[in-house]
Each structure stands twice: as C-alpha cells, then as structure tokens.
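Colleague: Please dock the two separately framed chains into a single complex, following the hints provided.
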Amino acid sequence: MAERILSRALASGGDFADLYFEYRRSASLSMEDGRIRVAGGGVDMGVGVRVVCGEAVGYAYAESIDEDELLHAADTAARIARGGGGIASVNLRRRRPKNRYPVDAEVVDAEGAERVELLRRADAAARKASRRIVRVDASLVAVTKEILVASSEGAFVADHQPMVRMGVSAIARRGKRTEAGSSGGGGRRGLDYFEDVPPTFHGEEAARVALVNLDARPAPAGELPVVLAAGDSGILLHEAVGHGLEADFNRKRTSNYTDRIGKKVASPLVTVVDDPTIVGSRGSINVDDEGEVPSIHRLIVAGKLRNYMHDRVSARYFGRKKAGSGRRESFRHPPMPRMTNTYMAPGEDDPEDIIRSVNRGIYAKRFSGGQVNISNGDFVFSLVEGYLIEGGRITAPLKGVNLIGNGPVAMEAVSMVGHDFRLSDGMWTCGKDGQSVPVGVGMPTIKVDALTVGGTEI
Amino acid sequence: MPLSRKVERRSRELADLAAWSVERLQAMGAEHCEVGVASGRELEVSVRAGRPELVKEASSSGMSVRVIVGERVATSSTTDLDRAALEDFFRRALEMARLAEPDPLALPPDPKELARRIRPLDLFDPRTDRIDAAAALARAERAERAALRHDRRITASEGASFGRSSAVSALATSGGFLGTAAGTYQSLAVQAVADDEGGKKRNGVYWTGARFVEDLERPADVGREAARRAIRFLGARKIDSGKMPVVFDHEAARSIVGLVASCVLGDAVYRRRSFLADKLGKRIAPKFVTIVDDPHLPRAPGSRAYDGEGRATRRNVVVRDGVLESFLLDTHSARRLGLEPTASAAGGGSIPHATTSNFFVRKGRRTPKSLLRGIDRGLYVVRMMGFGFDPVTGNFSRGAEGFLIEGGACTVPVGEITISRNLGELLLDIEGVGNDLDHRTAIASPSLRVAEMTIAGR
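Residue numbers (the working numbering), protein chains in the order written: chain A, -11 to 446; chain B, 438 to 895.
FYI, nobody ran anything at the bench for these hints, they're computed from the structure. Please read all numbers here as calculations on a predicted model, not as lab measurements. Just so you know, even glycine gets a beta-carbon here, dropped at the ideal spot from N, CA and C. A couple of the hints might just be wrong.
As the list claims (entries may be wrong) - Short, incomplete list of chain A residues facing chain B, as computed with Cβ under 10 Å:
| no. | residue |
| --- | --- |
| 1 | G34 |
| 2 | E167 |
| 3 | P206 |
| 4 | A207 |
| 5 | P208 |
| 6 | E211 |
| 7 | G358 |
| 8 | V360 |
| 9 | F367 |
| 10 | G443 |
| 11 | I446 |
This is chain B alone, in the form it adopts within the complex (with noise of 0.2 Å):
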C-alpha cells in the first residue's frame, strides 16, 4: 500500500535534516557517524468499569548520533532539532568521544557493503493515526464490556486499553547510506478481575496487536477471552515437588524463545554472557526445531528493510535442524568475534549492538491438544513470572501458572509453584513443536513439549 503524501513529506523532512547532520559532523571533525532521525505519534486511552480513565496524546521527535573520531566512540541523543541547538548538539557529542579509547573494531562497515536499495516492506497503515479518542475510547469500551458480561463471576476489571502509534524514521550514515522507514502499530488489551475462594484474586489478561488496523482482533473477542482467561484459574492451587514433562503454550514458549535470542547476541557471546557462547555449529535441539531471524515477513512488529548501520537485512537462519548455525551480529560484535555480520544493528545512532527482528521458531506439525497426548502426568504452562535466568550458565527458573495434565488432558488450574532446568537442557529435551505460531509480537513460538522439569511446590 502507498505511503500518504503526508508521510512521504515527513520522510523526505527527516531524511534531509539526516543527511545534513551527517555533512555537519564531518565539517566538524567526525571521521566517521550515524545519525538516526525519528518523528512518531501516539494515542492511548483507558477506560475502566465503562468510563474513560485515560486519554493521551502527543506527538515526539528525537536524533540520536554516534561519532567516531580517531576510533573514539560517543553517543549522544537530543529531542531539540532546532539546527542551532544541534550544531552545539554535536559540539558535545564530538568533545565526548575523548573519554573514550580508541577501537578500531568500533569503525562503521565498509561503505560498499550498506545498502543500495530499499526493499519496500508492508509496515504503514495510513488507517492508524486516523483513529481518534473517541473511536479509541469505544474499542476499549465495547471489550471491557464483553469481559464483564461473560460470566457472573467477574466482579472487577483492571481495565481495557487502546494505543496506536506511527513513526516514521531516518538513518543517514558517513559511508553514504541514507535511506526512511515509516511504521504503525496498534493494540487492545483487557484485564479481567475474578474472585476466588478465600478472597484471593485471579486475573486474566488477553490483548491483540498488529501493524495494521484491519488485523486487530474484534474488541468483544479480546474481552471475552480475558475473561475466559481469569476465571480459567478459579481455584488454582500448588501441586507437590516432582520432576514431569512440561507443555508450554505459545505464549510461555515465547517467553523461553525470547531468552534464547537473548543469548545469541553478538554482545552476550562476546561479553560470555551466553551459555551458547562456544555452541556454534553444534547441536543444542533436536532436528525437528530451527530458528529463524526474519525481518521480512510482511506486516510483521519486527520487520525492517535496512540494520541500524545501513546493510541490507536479511532472513538468518540461527538454528538449522536443532543446529546453532549463526549468532546475530553487528560490525563490532562480529569483528570482536572473528565472524561475518549478519546485518543485525541495533537502531541508527545507538551503542552499536545487535538485535533481533522477528525471532521464532519453525512452526511444527503437531496442534496444541496432540502435544498432551501420552501424558501420564505432567504441567501444562500457560504464564510464567519473574526473572529467574542466568545467561552464564543457562540456569532457569521461574514462578509458573498452567494447568495440570492428567491422562493426556488438562485437569485442575495450578499456581504459585515454580518450573526449573538448565536452558541448554531444556531445549535439548524439546519432544514436540505446535503449529500455533503467531507473529502478533516480534519474538514468536509455537507451543512446545518438553520431555522433563523441576517442579517446586509443595
């Protein structure tokens, strides 16, 4: 879909006052720098037992530089874009890079190596900052409502929210590379209320998200799902210690997911702060699991056409057929570690580091239900808390919430326990791979079966 006029003359603005800075800083000293140029709105509402409670809107706009001069590097970031105000902006920015010692690891990529053109990604919905207050405020209305009509035993609600928001953004770099992205993003979330025995109570939440207006979920589908979700743990309770298999459902498995990427990051490797740091070309799952950074997939939250230093992204394979087959890496991190890098910089203008797009893994055959099958007794996790992993070691444990499988079905709601294995373990224990996998958030799974876990209750 083509961009509005609107948001083309944004991009050409942002795109001139980039390359301009990069032109300033080079006159002033820079030998080399990247400058990331942003300019976004946003709109959040609330409203809470059917009256608004919140209603936000403002629009920002913001640069951040890295410079570079005799390999020093500086960062520096500014929200005044008055081109005076800038000028000394830079003037501070140059002075800081001083502190720093030099690096010559730290030098920006070869320029024949930045992008030439860029691919057009499906990323903007000229629909999304047309929606205002009052079309917000509704949505949020009509799902709190349906949350709390769904059943009697709903006696509150946390809420339910709407927030849209629109950036467009420019990278312009002293090895030529210049080039806008512009992107939208909107949700709808719900926090339902339940009180169970004893006056303890459950909540349940459920929100949808998409790039695109039309890919939202029905706003009294995402109440009623929350719904659905608080009255799902009437009643839970703690089950005794016991080592059993574990099925995580899509949302926990992201959760998993997400700590992988985390440690496949040309920074934790480097740093050691990764217990796959030596784990490259080696197995660490089974063959059925392979893990993907892809930044193309249309309409998805992660996607981007160009990293933060201006190369062209493209789709990393990281896990192959349960092999660790690539890290993801910007030019230092890769540098640092003898390897190529994978066009995966962190946003312009920041301390250059990697990042992923959109992470997940390979979504399997299998549905959800048929993972339970030949479950004797396991624990079926549905949300997880706390921050329980340690990236040394892989260490893992966190407080969990599910469900326990009895005779290859889910039985009772469980809470307050909590689940434990090393990650390196876990993953080479993964027993199966759903089919469920969403790309509502960047980093995605589908549900996974795992063969064995610690459970601490009782």
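Same shape as in the complex, but just chain A (with noise of 0.2 Å):
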C-alpha cells in the first residue's frame, strides 16, 4: 500500500515523497495533594503525507489507514508538484536500525495501581521534607509512539519509541512568604527508570527546592561571571547556540551563525555535540522522522564550527549526503531539522577550582526555561535555582533570576570548563515553529566569565 501512495504522491513530478505513520498511546495521571484527581490516556493515530519539489513542500494528513483516505492526502500533498521528477514505480527496502532505547516493561502498559504507588511515593517523600511543605502535586506521563517512515526513495524504516515523565511540585510556607519548587526526569526508559531515580528523589528535590527559596533573596542587577552547574544548564547550549545551527535557518540566511562553517564561533574549550545514540535519553532516536538512522553530529569543536543539523531538504540544498535531523511532532506536522541531545564535551578544569575563581558572581543551578532570538542569537534564561558566589564560595540563594546574553558573545568568553559532564534528566521539551519534541541537555560545569543578570538590585 505505501508504494502505491508514494506512486501516487509524486504522480505530477516533485523530487521526493515520503510516509509518516504513527500510532500513538499515552498513559497519565495526575495526583494533587496525595489524591489521584484524574486518570487520563487515549490514542492518536495517523499518516503524514510529504511531497518535495526543491525547497518546497507539500503537505496533508489522514487520521486514519484507510488506503482512499491516503491517497486523497497523496494529490493533496502532491499539488505543490510543478511537473518534473517523478517516478514509475517505488522499491521499498526495510532497515532495521540498531535499538537506542530498549525497555523490558513499558510506563504505559503498567498496571494503574503501580503507576499510582509511583506516585504516592514522590508525594510522600516531599511532605515528609518538613513539615512547611504545605502542598505537593505530582504526575506521571507515558507515551509510546509506533512510527513507520516509508519514502520513495525506498527507505522503509519502523521504529518503537517509549517515553515516561515524573513531575512533583511542592510549595512551601513561612510565615507569609511562600515559595515553589519543582523536580522531574524520565527519558525513553521503561519502569526501570524508577529502579535508578526513585520517585522518592524528585519529591525530596521539589522539597528541598521550595525550601531553599525561602531564604532565596533579590539577585544583583548587571554583568557578573556566571558559573553554569552541570547537567541542566545544557538548556543554556541548546538555546543560545543549538538553533542557530539547525540548518533551515542557515539555507534562509536568517540565522547568526549563516555562513559561519569553518570559522571560529566560540572559545577553544568549547567543542559541541548533538547526539541522537545516547541510551534511554530523553532526546534520542534510532531513527529520525524521515527515515534516515542518524549519527552523532560535531557541531563545535574546539571552537570552530563544523557542521550544521540537517533534514532532507536543507541538506540537499547544502549538497549533503546524510541528514538525520529531520524531527516532527507528530504526523500532523511536516519534518524540520531539530536537536536530539545536545551538549558541551566535558575539559579538564575542577568544578570547585572554576567556582573558587569567582570572586562575585552567580552559580546558575536549575533552569525552568529560556528563549532565542535566532537570527541574532539574544538568549534570555530563568533560574529556579540559583546563588550568589562570593570570594570563591557559594553563599545565599537568589529569587528567580534572569540570565540575558548573546550565544555567540557568550560562547567566546566561556573560560573554564569542568571534568564532571553530566546529562540532565529528562524533562526538556524543545517547541519550534509550533511543534513540540522532547530533547536531552548536557553540560560539565562552565564558567562564562560575562552575563547579564536580570535582578532587582542595583
């Protein structure tokens, strides 16, 4: 069936075509203040239809199988086709890529009662905290998504990709100050997740953040050095730098880092990686929503830029072989280029001497979020956990501070990077144009020695 409607998508010319099948299962529940409020779940289903003529595309979908429902999304999608290309007849080959993410037990076929017990054991282990952990709310989310590519250039690639989330949040109260804090992770793991991060440790750690707010007090206004702890602050790559090199904005010219190939972008200790092959991780793919199993992709290396994140379009406008960065949503949405795991290659600097060096400035521990402006590379941050350095130790925490810089601008004046790399637990999910998909961030400890600061104090 897929090589009659790929026959038929590309009927009246275009380069390519290709098939995106999904079916999609999703488990959750969300637990408030130790009760399950709501038990919630379904199943989306669907085919993407793509057709590609030069750097345009057509596009349509069909929420179900039925062989005259795709092919009527087939002419649909083919009427951005102005003659040309085409082709008789569609071979397919089947891969079976190597398996990234391979899951004994599923989150989302467990029975309800563990995934409850899940729950209750995060819930209890933050109201146990203290006794000023005053409301907690937890929820667990899995989703496994069954994806087959089919193009007509016979790639014919299936593949099965599970995911579980655990989020707790606590609020904790003194006097009349009340303050938030929050603690998840997961990844393309199945139940055994719990068995190495029990749900006992994102209760404790929204806990021990609420807490830890409480004494938090107004972050200085101004350029200060910034030490970025490790794990999380990947967020800080994957925004200030990451997006600059997906290769759509590089083919439109609309990105800072246009033409940049070979060029130094960043300070020599900085070398940059998307990997896609990390077991378990939240980001990674065997094969990528175009069909092609991807590999790792040297983005930086000691500075210099090296390459770009390609789909099948920008890499054959670049004249490239392999892409393996074309990512969607789901079958609603056409691919685009898109991280996978990005981080920062671990160096050689002690993570207490880079602190040690600091004399004012902030330590930059968890992250609930940042934006970029591409085409100029501005990047704001938020802090949900963050403290004042001074004279070489940390001291007070600081209230939701703001981190504001430039990536390239940024990337220059990173001066020391740690030894102690670490992957931050599952919880980031990356929107661009619209579309959502869950990525991995990395980073070792980083001193960046100039940042904005966007506090309150003067």
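Modeller: As structure tokens, this is what we get:
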C-alpha cells in the first residue's frame, strides 16, 4: 500500500515523497495534594504525506490508515509539484536500525495501581521533607509511539519509541512567604527508570528547592561572571547555540551562524555535540522522522564551527549526502531540522576550582526555561535555583534570576570547562514553529566571564 | 450572518454523535459524562524569497470525553469516530476511572444551571474555507514582497505565512445540555530580517489575524510593518542598569496581562500557584484599571456562547476599578474555593479547569504617545523574551527590547537587557492606560505605563 501511495504522491512530479505512519498511546495520572484527581490517556493515529519539490513542501495527513483517505492526502500534498521528477515505481527496502532504548516493562502498559504507587512515593517523600511543605502535586505521563517511515527513495523503517516523565512540584510556606520548587525526570525508559531514580528523589528534590527558595534574596542586576552547574545548564547551550545551527535557518540566511562553517565561533575550550544515540535519553532516536538512521553530529569542535543539523530539504540544498536531524511532533506536521541530545563536551578544570575563581558572581543550578532570537543569538534564561558566589564560595540563594546574553558572545566568554560532564535528567521539551519535540541536554560545570543578570538589586 | 447549509449539516451530525455517545456511556455505567466532538479544516502556506515553501492542507476530527463513576474521574480522547471503535474507547475510559480517587467536588453542575438557549455569536465566516492554496500563497507573496521592497536594509526574509482554519463542534452532557458552535480564523504573518553592523541580524515580525476574512489587514501593509519593525532595531544596544519608568506598547502589555490571567484561574488559585490567591476583594491596581473577561464580543477570537460544562457564558469583571472582584472558575475550582462558578470551564471532555475567553484591560483615554509625556529617562518596551515569571510569588523578570525614552520621546533602540519587578507591585504602580486596545488576540491590553522597573543591562 505504501508503494502505491508514494507513486500517487509523485504522479504530478516532485523530487521525492515520504509517508509517516504514527500510532501513539498515552497514559497519564495526576495527583493533587495526595489524591489521584484524574486518570487520562488515549490513542492518536494517522499518516502524514509529504511531497518535496526543490525547497517547496506539500503536506497533508489523514487520521486513519484507510487507503482511499491516504490516496486523497497524497493528491493534496502533490499539488505543490510543478512537473519534472516523478517516478514510475517505488521499491521499499526494510531497514532495522540498532535499538538505543530497549525497554522491558513499558510504563504505558503498567498496571494502574503500580503507577499510582510511584506517585504516592514521590508525594510522601516531599511531604516528609519538612512541615513547611504545604502542598504537593505530582504527575506521571507515559507515551509510546510506533512510527513507520516510507520514502520514494526506498527507505522503509519502523521504530518503537517509549517515553516516561515524572514531575513533582512542592509549595513551602513560612510565615507570609510562599515559594515553589519542582523536580522531574524520565526519558526513553521503562519502569526500570524508577530503579535508577526512585520517585522519592524527585519528591525530596522538589521540597528541597522550595525550602531553599524560602531564604532566597533579591538577585543583583548587571553584568557578572556566571558559573553554570553541570547537567541542566545544557538548556543554555541548546537555546543560545543549538537553534542557530539548525540548517533551515542557515539555508534561509536568517541565522547568526550563516556562512560561518570553518570559522571560529566560540572559545577554544568549547566543543558542542548533538548525539541521538545516548541510550535511554529523552532526545534519543533510532531513526529520524524522515527514515534516516542518525549519527553523532559534531557541531562545534574546539571553538570552530563544523556542521549544521540537516533535514532532507536542507541537506539537498547544501549538497550533503546525509541528513538525520529531521524531526516532527506528529503525523500532523512536516519534519524540520531539530536537535536530539545536545551537550558540551567535558574539559579539564576541577568544578571546585571554577567556583573558587569567582570573586563575585552567580552559580546557576536549575533552569525553568529559555528562549532565543535565532536571527541574532540573543537569549534569555530563567533560573529556578541560583546562588550568589562571594569570595570563591557559594553563599546565599537568589530569587528567580534571569540570565540574558548573546549566544556567540557568551560562547567566546567561556573561560573554564569542568571535567564533570552530566546529562540532564529527561524533562526538556523544545518548541519550534509550533511543534514540540522531546530533547536532552547536557553540560559540564563551566564559567562564562560575563552575562547580564536580570535581578532587582542595583 | 447565517451559517452555510454544509456547516449546519455538519453541526447536526456532530450533535447527534455527541448525544449518542452520552447515551452509550450512561448505558455502560457512567454516572456522569461530558462529550465534546469537533471537526475542523485547515490550510497553511508559506513563501520565502517569492517562492512557495509549504502548502499544508488537512481536515481532522476528534472526540474528548470525561466520565465519572462513583465520583472517580477519567478523561480520554480519540480521533477514530467509527461507532464500533467508540464503544471500545468508552469501555477503556470507564476502566481508567477506577484509578482515580473519589472526589465529590468533581461532579458536574446541577442540570438547572446549564444553558437553555445558545446565544448567537458572529464567529463563522463562510468565506474562510473557500480560500484555496493559490489564493493563500498570493496573499503571503504580496506581504513578503512589500517587506523586501520597503527598505534596502532588509536583506532576507524568514518568510510569510498564511493560515486559515474552521471548526465545528458539539458538546453533550449527562445533565441534558446539547450545544453546537462553529468558528473560523485566519492570519497572515511576515518576518523580515535586516543586517546590522558587526554581522548581527535584526528581525521584525508583524501579523494580522481575524475570524472574518474582511477584517484582515492588507497583505502589503502587514509586510511593510514587519520591515519597519526590523529596521527600527538597527543599532540596538544595552543601556546601563538602573531603575526607571517603563511604557509597554500594547503587544508587550498583552503579555503582562496574560500573566495576570494565569493567576486568576481557579486551578492556580486553589493550588496556591497564584500571588493573587489571597487578594479577593482587595486593591491590586489603581482605580483607573479595570480588567474584564468577556466571551460575548462579536467576532472576537475568544468568544463562546457556552462553557465546557454547558453553562451559558457571561461577562465577568475580574478587576473593577482596581479591586480584584472575581476569579475565573469552573465548577470544580469554585467548590474547592467555596465560591460561585463563573461559567469559565475549558473545552468539554477535558480535565475540568477554568480558562479565559476574551481577557483584557479596558482601554483608557490616553494615546500611546501621550503616555511617554513627562518621562525624562525611561524605557519603551515593544518585545519581551523568556519565561521569567514565578506565579507563586509574582516575581517577574524577562528579556526586553525597545527604545530609550528621553525627554518624553523615543530615541535610540535598546536590546539585550532584562526588566524586573514583582507583578503585584507592578500592577499597583500602573500610571497610565492607553486607548489602543485591539482584539486581534483573545488576551489583549492597551499600552500601559508603569512608574518604575529595574533594568539590568551593562
């Protein structure tokens, strides 16, 4: 059937076409103040049909696998084609990529009572942390996607993509002061995730952050040296550098990294990698959403820009054989170049030395999110846990700090890189052009000589 | 304007399906249920450098149900509306409810409180679905061309896109409510890019959107405005840190008002995730500030005749003359808080929670220009970045772009800075409200002048 639909999609020309079959099951539980308030879940299923003609894309989808509906979608997508190309027949060859997320017991299939118990343990751990914890909410979301990609160039590859994510938030109160803390994690894992990271960890961690924030004081405003803690801080790299290296922006010449391949774009201490192959990580993929088996992309090596991340359209534009970074939210969306797990490679500095080297600055530990203006690399990040560094020592916790800077400028200002590389526990979701995909980030402890800290104390 | 016959037929079909589903669910053991069914059509096109880049067309439909068995709640959704498949889907939803804990507060409203008649609102434009891909591409091309031709300093375009969508929906509840609604929306957006000194790029975005085709701004005007917005940032620079008055243009102000909206929703209030939780009946802004949630505005994007539980919607004054008069509540959050519901429940069949309709600050008498008057040195903010807001404390800190105000007028462009202030203090410190309210978006605000904020820059 796939061959018939692909032939139909290219009936009026076009360079190539692909089909993206998706069957998605989800199961979610939300616990509010110690009680399961709502159980949820559902099934979503459909097929996306894409026809590519040069840089132009025709796209349609059907919420079924009915052949007539798919042929109709193929006709719709084919309207983009303006003659040329086209093929007589399609021969699909099945490929079986290596599995980077083998899972024995999937959370989406777990007994309801077992999932409820995980949330109970998280909830109890947060409450036990202190009598100042006045409210705890927790959620457990499991999603499993079966995908199958077939393309007019013969690719035919399926993948089974599990995902689990636990989130806990806690509210602490002392006198009139109320503060929140949260923690979460997961990845392309099964129930085994909770053997490595027990639910109690996220409960305790959410409570700890809320309690720390009870003592947080106003942050300074102005340019200061900033030490980014290992792990979570990778989100800064994702936003400040990663997006600008997605090839679609460079094809359109709207990225600040346009025409910079081979040039120095960061301090020589900086090496940045996008790695879809990390076992069990939230951003990992065995196969991208265009049917290509991806490999590790070395983006910046010792400060020099080496590669962009490509989907099929941009790879063709830049005359590259291999893409591998084409991802999409669902069958309702065409793919585009996206990150998977993006991290900075470890360096040689001792993390303690990095903190000791700062006389007055900020230690950034946990982030709630960030945003970048792709065209010039200006970024903003919000901290949910940050501290003042005074005389080489971490001292007072700071209230909701923002860091603002410019990607290339900040990367030039990296003066120390720790040997303590850590991958952030899986909780990040990246949004681009209205499509969300799960990603992983990672970072060793690093020092950036100057970033603007958006506090309130002048 | 009367709906087209086709839409009326589609509405009837969906209403029949929703009513049948409620009957089946009740027969299968649901004590209470809500069933939302929707079907929609969409077209999305984009052009870049004068050439089509994407044509995406699809129709979709889906059902969401909320079931309650023994005071236990489950929600689920599906896109497979085949009646045999639905029976199976209902069975799984009812099974899922067993996982939740009994919650008497989760029961639906008393049938006496449900809407008897559906207020007609002018939300559906039969012309929308008739815009074909060629016409949509032509609009986008015109807009992009106008942007590129507006000024020689515009060097690239991230493209122009046109999208249209139409949706018909029905809601049936076990309390006896049955209603249908239909709406359309279309928008045209352009992003222009200008090259600044030192290779930095500046982008400018402008868009128009409306429920009715005739209410859209002209494509060429949209393109020219996007170009102007890119050029005005050429040469933007940091300013020194300090405290100064800030004027938010109506787009930046909208995003502040969106934060206020998120803190008056019932869920945020009873979960203590709102700095306004204890402020009911208290002054939270000066006397000349009134904030309204009005679902009955003709042709507005957030308008609706009934809420997700089948109550007739009503105009709610949230802040009257500076005093917090009401939260926005669905049945569940109202019971939690011991207050009366405000007919603000979100879409039928979802986890019940409150949402906004058209939420806006009532316009004042002052022109945006006159709001700058008397400011010796201040900041005019037109764009913000990042997510630096903690609803629990109200602490606010975001990246900002705009212009320096000197001697009552805008002078040089400013970027790469953050502005901070606790939102509770910011609201009390509003000094002026502009007369430039537009309802292009469901959350809206006129320009606002705030006496003082902290700017973090150099």
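Colleague: If you take the shortest Cβ to Cβ gap from G34 (chain A) to chain B, is it below 10 Å?
Modeller: holds, 7 Å
Colleague: Does E167 (chain A) meet its interface restraint, that is, does its C-beta lie within less than 10 Å of any C-beta in chain B?
Modeller: holds, 6 Å
Colleague: Per the CB criterion, is P208 (chain A) less than 10 Å away from chain B?
Modeller: Holds, because the Cβ-Cβ distance from P208 (chain A) to chain B comes to roughly 8 Å (cut-off 10 Å).
Colleague: Double-check E211 (chain A) for me: the hint is only fine if its C-beta lies closer than 10 Å to a C-beta in chain B.
Modeller: Cβ of E211 (chain A) sits 6 Å from chain B, so the hint holds.
Colleague: Can the hint on G443 (chain A) be confirmed by a CB-to-CB distance to chain B that is less than 10 Å?
Modeller: holds, 6 Å
Colleague: Using the nearest Cβ pair, does P206 (chain A) come within less than 10 Å of chain B?
Modeller: Since chain B brings a Cβ to about 9 Å from P206 (chain A), closer than 10 Å, the hint holds.
Colleague: Would the stated hint for F367 (chain A) survive a check requiring a Cβ distance to chain B of less than 10 Å?
Modeller: holds, 8 Å
Colleague: Grab the minimum C-beta distance from A207 (chain A) to chain B and call the hint holds if it beats 10 Å, violated otherwise.
Modeller: Result: holds, 8 Å to nearest chain B Cβ.
Colleague: Can we keep the G358 (chain A) interface hint, with Cβ of chain B closer than 10 Å?
Modeller: holds, 6 Å
Colleague: Does V360 (chain A) meet its interface restraint, that is, does its C-beta lie within less than 10 Å of any C-beta in chain B?
Modeller: Result: holds, 8 Å to nearest chain B Cβ.
Colleague: For the hint on I446 (chain A), does the least C-beta distance to chain B fall short of 10 Å?
Modeller: holds, 6 Å
In summary, the structure agrees with every hint in the numbered list given earlier.
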